[in-house]
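Based on these hints, arrange chain B on the given structure of chain A.
Each chain, written out:
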Amino acid sequence: MTPSQRLDATFAALADPTRRAILARLAQGHASVVELAEPFAMSQPAISKHLKVLEQAGLISTAQDAQRRPRKIEGARLAEATAWLEEYRQFWERRYSALDELLGQLQAKPPKSKRKRR
Amino acid sequence: MTTTINDKAQISLPSDTEVRVTRDFKAPRKLVWQAHTEPELFQRWIGGYPGWSMPVCEMDVRPGGKFRWRWRSDDDGTEFGFHGDYREVDAPGKMVHAEYYDPGDFGGAMPTDNPAIIRTTFTEKDGITTLVVSMDYGSKEARDAAISTGMTDGMETSYDRLDKLVGEQRGG
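Quick note, the sequences are listed as chains A and B, same order. Read in numbering that gives the first Met the number 0, the first sequence has 108 at position 109, and its numbers run on one by one without any break. Read in numbering that gives the first Met the number 0, the second sequence has 163 at position 164, and its numbers run on one by one without any break.
Bound conformation, chain A alone:
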């Protein structure tokens, strides 16, 4: 997968509330399919389907435990997606910090007193 395809897979996987809830649960520690299915009104096969999408996107993996096959979160892929947007966010934040400054100046000096240069 190219970096761009990886980002696509990550965001597609994240575009579902159940999958985000599963990730939030796994952020607290390993969990088996049965444990993951518990809070949802969903069958285990339905949960397994979501897990497959998350696993294919590289967001989770199956830990080494043949019996329970617990799932665990993989931070790297999520971090990659976050970094991509974070740079863009900082780009806007720099602009808006400058706007904050301008708005502060304008409010300190009411625009009523529009000086006319002659």
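Hints listed in this document are in silico derivations from the structure and should not be mistaken for laboratory results. Computed from a predicted model, the values in this text were never measured in an experiment. Don't be surprised by glycine CBs; every beta carbon is placed ideally from N, CA and C. Keep in mind that a hint or two might mislead.
Calculated cross-link-like contacts (lysine to aspartate or glutamate; reagent style EDC-like; alpha-carbon spacing at most 20 Å) [as the list claims (entries may be wrong)]:
1. B:K25 <-> A:E92
2. B:K7 <-> A:D99
3. B:K7 <-> A:E86
4. B:K139 <-> A:E85
5. B:K139 <-> A:E79
6. B:K25 <-> B:D6
7. B:K139 <-> A:E86
8. B:K29 <-> A:E100
9. B:K124 <-> A:D99
10. B:K7 <-> A:E100
11. B:K25 <-> A:E100
12. B:K139 <-> A:D15
13. B:K139 <-> A:D7
14. B:K7 <-> A:E92
15. B:K29 <-> A:D99
DEER-style ranges, computed between Cβ atoms [to be verified]:
16. A:S31 <-> B:D112: 48 to 56 Å
17. B:G103 <-> A:A62: 49 to 57 Å
18. B:D74 <-> A:Q43: 54 to 62 Å
19. B:D6 <-> A:A62: 36 to 44 Å
20. A:T81 <-> B:V131: 20 to 28 Å
Chain B only, in chain A's frame:
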């Protein structure tokens, strides 16, 4: 109840073709609106990148009115810009404009043929103005290109150059 202020820009991807930026400002929305619609004010915050100047900042903010913005690198004089027209203007609450990227001699991966449709809303509560900028690039590829490259890269490059320059000055 206290009003919380999100004074750090937040980014979301509401659909495959859109990116949305949300930010609060401690100012009445009339003032935030002015800072977005009066060229001399707009230039003061959007044009102020280290290493870049904004030689062209023309905007005629009314439905059908045109705008043209251009940035120039202090370093080597390369230029790029945006131009387009205002589609909807409802002061001081909402404006919609169509924005074309003009790569100049700077380049970039952003498409130049289809405009991005930018919807900006200004809402005020308890003296705090919330700005929501929704940018629709018409396709996922164009949206991703805009996030990944285009202006972001240009400005980052400029920062890198500045860092290097400062480093060289210190070293020499």
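Evaluation of the provided hints:
| no. | hint | in the structure |
| --- | --- | --- |
| 1 | B:K25 <-> A:E92 | 15 Å, holds |
| 2 | B:K7 <-> A:D99 | 11 Å, holds |
| 3 | B:K7 <-> A:E86 | 13 Å, holds |
| 4 | B:K139 <-> A:E85 | 18 Å, holds |
| 5 | B:K139 <-> A:E79 | 18 Å, holds |
| 6 | B:K25 <-> B:D6 | 8 Å, holds |
| 7 | B:K139 <-> A:E86 | 18 Å, holds |
| 8 | B:K29 <-> A:E100 | 16 Å, holds |
| 9 | B:K124 <-> A:D99 | 17 Å, holds |
| 10 | B:K7 <-> A:E100 | 14 Å, holds |
| 11 | B:K25 <-> A:E100 | 10 Å, holds |
| 12 | B:K139 <-> A:D15 | 18 Å, holds |
| 13 | B:K139 <-> A:D7 | 10 Å, holds |
| 14 | B:K7 <-> A:E92 | 6 Å, holds |
| 15 | B:K29 <-> A:D99 | 14 Å, holds |
| 16 | A:S31 <-> B:D112: 48 to 56 Å | 52 Å, holds |
| 17 | B:G103 <-> A:A62: 49 to 57 Å | 52 Å, holds |
| 18 | B:D74 <-> A:Q43: 54 to 62 Å | 60 Å, holds |
| 19 | B:D6 <-> A:A62: 36 to 44 Å | 41 Å, holds |
| 20 | A:T81 <-> B:V131: 20 to 28 Å | 21 Å, holds |
When each numbered hint is compared with the structure, no violation occurs for any of them.
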